Amino acid sequence: MSLLKINDMTHRFGGLTAVSNLNYELEDGKIYGLIGPNGAGKTTVFNLVSGFYNPSMGEINYNGEVINGMAPHDVASRQIGRTFQNIRLWEDMTVLENIKMSHHFKLGYNLIDVFFKTKKYQTREKEITEEAMELLEVFKLTDLAHERPSSLPYGIQRRVEIARALSLGPKLLMLDEPAAGLSTADVVELIDYIKWVHETFNITIWMIEHQMQVIMSLCDRIKVIDFGQEIADGVPEEIQNNPEVIKAYLGDGAI
Amino acid sequence: MDNAITLVNKKHINLWPAVLGGGALIILGLVLGGVINQYIQTVLMFIGINIILSASLNIVNGYMGEFSCGHGGFMLVGAYTSSILSVLFFTKSPWLGAPLLPPSSAVFLFPLVIIGGGIVAAFAGLLVAIPSFKTRDDYLAIITIAANFIFVSLVNNLEFIGGSRGFMGMKTTIYAMEDVADLPFTLIWTMVFSTLSVFLIRRLMRSTFGKGISSIRHDEISAEIMGVNTNNMKIVAFMVSSGLAGIAGGLFAHVLGFINPSSFNIMKSTECLVMVYLGGMGSLSGSVLSAVVFTFLLEVMRPLQILKWVIIPLMLILLMQFRPEGLMGNRELTDIFPKLKPYFKRRDL
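For the record, the sequence lines run as chains A and B. All residue numbers for the first sequence refer to this note's numbering, where the first residue is 1 and numbers rise by one. All residue numbers for the second sequence refer to this note's numbering, where the first residue is 1 and numbers rise by one.
Calculated directly from the structure, the hints in this document are not laboratory data. Predicted model, so just to flag it, every value in this text is computed and none were measured. Worth double-checking, as some hints may not be accurate.
Sample of chain A residues with no beta-carbon within 10 Å of chain B, all distances over it, derived [as the list claims (entries may be wrong)]:
#, residue
1, Tyr24
2, Asp28
3, Gly51
4, Ser56
5, Ala71
6, Pro72
7, Lys100
8, Met101
9, Asp143
10, Tyr193
11, Asn202
12, Asp220
13, Ile231
14, Tyr249
Cβ-to-Cβ under 7 Å is the rule here; a few derived chain A residues that face chain B [claimed, not checked]:
#, residue
15, Ser77
16, Arg78
17, Ile87
18, Ser102
19, Phe105
20, Leu107
21, Phe115
Below, in silico cross-link-like pairs of lysine-lysine (DSS-like), each with a Cα-Cα straight-line distance of 30 Å or less [unchecked claim]:
#, chain 1, residue 1, chain 2, residue 2
22, B, Lys339, A, Lys117
23, A, Lys126, B, Lys308
24, A, Lys247, A, Lys30
25, B, Lys134, A, Lys106
26, A, Lys30, A, Lys195
Glycine included, every Cβ here is placed at the ideal spot set by N, Cα and C.
Whole structure, please, built from the sequences with the hints as guidance.
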């Protein structure tokens with residue numbers, strides 16, 4: 001069964017067609033890659049799915065529900081986790097507090113409970129903290145629970161960000177260039193880390209990445225887009241040898 | 001959670017109730033004993049009102065990271081609402097007629113009148129909260145200034161509540177209360193409300209719910225992607241902030257006994273801003289501290305008359321030049337004096 005299904009999605013920014021007639025189908029439990037040259041519209045596709053833009057045409061179906069036109073927080077609450085190219089952790093909150101925010105849409109108490117510190121509020125806050133600590137333990141981040149992200153090395157911040165996205169309990173995890181800005185050694189670690197996440201949480205992962213090492217060693221299936229249009233789709237070996245892809249990346253003269 | 005903390009460490013006693021209760025009793029004792037005169041009482045009341053104002057503005061400007069400069073407008077809404085309620089229910093006035101309730105009932109109903117002003121002011125806060133969905137930063141700041149002007153001009157033109165001549169009669173309510181029991185009621189309620197405000201804000205900002213407000217300051221996109229309904233949180237932040245400003249306004253009106261729209265113009269909003277930035281954005285103890293310092297400064301500079309409006313802005317310029325993070329930065333008192341921590345321990349959940 002497909003988890004995410006995109007039908008004929010087109011998105012225009014004024015006169016510019018950033019994504020045109022894109023079809024996509026993600027199946028449960030696999031790792032997908034979305035690649036393409038700079039400005040191909042990869043991040044736009046991610047932003048469309050996570051609700052930051054509403055597609056001009058087409059439909060996005062997630063887990064049997066049409067999600068286009070929903071606000072990003074509504075999409076998130078339907079269990080889609082996402083990270084960004086640049087790390088977007090809350091720098092002024094501790095790692096634990098960052099993780100705890102994933103419960104914000106299902107707090108189960110309201111402002112009045114906060115003001116009067118009701119039983120409901122206290123039990124819920126306790127549960128939330130415990131759940132967040134459990135998750136940190138799975139990620140072996142317990143020691144860093146009370147650190148602020150800015151005091152952590154970049155590689156660790158990436159992991160915390162992925163852990164934060166997973167704290168939503170997503171079925172689909174979207175990673176936008178997870179290897180950006182990492183050193184070679186960190187990239188190798190990241191690959192193992194994503195593999196581990198995929199096996200441990202048994203989720204579908206969908207990633208944008210420029211480093212072919214990451215894409216080729218992780219993805220079950222890759223789609224290549226250029227100027228918002230699909231130019232190739234297949235397993236890693238097919239993509240590597242596809243002349244269209246090489247042309248898009250290196251220009252006509254390369255062939 | 002109290003049990004858990006005593007189990008962990010016996011030293012973790014919460015000293016807040018003792019400090020506040022003791023302080024209030026001492027002040028009350030000094031007032032009743034005649035040690036504190038009317039003037040000092042008024043200063044104390046202004047300190048309380050300013051604490052509410054700076055702490056509540058800190059929700060929006062400090063914790064949420066938006067720039068609201070129309071706090072005076074919400075104060076006005078609260079001040080007028082509670083004044084009208086107070087005059088309508090408890091006093092005999094030429095144009096609102098005989099009191100609807102026996103004036104002595106004000107002893108019990110006075111806090112409700114103040115809270116009523118707060119509630120109406122909270123809804124007035126929607127006037128800024130809703131534009132804040134799509135507007136941010138400087139543009140939102142302009143909207144808040146506009147809101148301030150709208151409220152002031154509106155009341156200026158409402159002749160039936162006195163227009164620009166102002167509104168009075170609130171003192172009669174206070175006198176009616178003092179007839180029942182000879183206590184400094186305005187001082188008591190100012191202390192109660194300012195303490196409550198600080199505590200409510202403290203609770204709010206420490207809950208996961210309230211962290212949704214600070215998540216907007218640092219990264220609104222992150223907040224959305226993690227499922228935080230940022231529009232809802234903006235409504236909460238603006239409504240709580242303006243509601244508390246309304247409560248401050250109601251108290252202000254009853255302390256002075258006379259209000260006119262120009263008491264709540266952009267000048268008042270500026271005072272609130274100065275206090276927030278003096279204390280440090282996102283620091284609740286900073287807000288309280290700066291409210292105290294600022295009120296004292298205003299009183300000390302009273303002989304300078306109009307010149308103080310040269311000196312206060314000058315202070316702001318110097319502050320921004322040499323200590324832009326304010327007295328406390330975004331730290332709390334317990335961060336600066338860690339030894340205090342066990343005694344004022346946040347009861348962690």
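Cross-check of the supplied hints:
{"no.": "1", "hint": "Tyr24", "in the structure": "holds, 20 Å"}
{"no.": "2", "hint": "Asp28", "in the structure": "holds, 22 Å"}
{"no.": "3", "hint": "Gly51", "in the structure": "violated, 8 Å"}
{"no.": "4", "hint": "Ser56", "in the structure": "holds, 20 Å"}
{"no.": "5", "hint": "Ala71", "in the structure": "violated, 7 Å"}
{"no.": "6", "hint": "Pro72", "in the structure": "violated, 4 Å"}
{"no.": "7", "hint": "Lys100", "in the structure": "violated, 5 Å"}
{"no.": "8", "hint": "Met101", "in the structure": "violated, 5 Å"}
{"no.": "9", "hint": "Asp143", "in the structure": "holds, 18 Å"}
{"no.": "10", "hint": "Tyr193", "in the structure": "holds, 20 Å"}
{"no.": "11", "hint": "Asn202", "in the structure": "holds, 21 Å"}
{"no.": "12", "hint": "Asp220", "in the structure": "holds, 25 Å"}
{"no.": "13", "hint": "Ile231", "in the structure": "holds, 29 Å"}
{"no.": "14", "hint": "Tyr249", "in the structure": "holds, 29 Å"}
{"no.": "15", "hint": "Ser77", "in the structure": "holds, 5 Å"}
{"no.": "16", "hint": "Arg78", "in the structure": "violated, 9 Å"}
{"no.": "17", "hint": "Ile87", "in the structure": "violated, 10 Å"}
{"no.": "18", "hint": "Ser102", "in the structure": "holds, 6 Å"}
{"no.": "19", "hint": "Phe105", "in the structure": "holds, 4 Å"}
{"no.": "20", "hint": "Leu107", "in the structure": "holds, 6 Å"}
{"no.": "21", "hint": "Phe115", "in the structure": "holds, 5 Å"}
{"no.": "22", "hint": "B:Lys339 to A:Lys117", "in the structure": "holds, 26 Å"}
{"no.": "23", "hint": "A:Lys126 to B:Lys308", "in the structure": "violated, 50 Å"}
{"no.": "24", "hint": "A:Lys247 to A:Lys30", "in the structure": "holds, 28 Å"}
{"no.": "25", "hint": "B:Lys134 to A:Lys106", "in the structure": "holds, 25 Å"}
{"no.": "26", "hint": "A:Lys30 to A:Lys195", "in the structure": "holds, 11 Å"}
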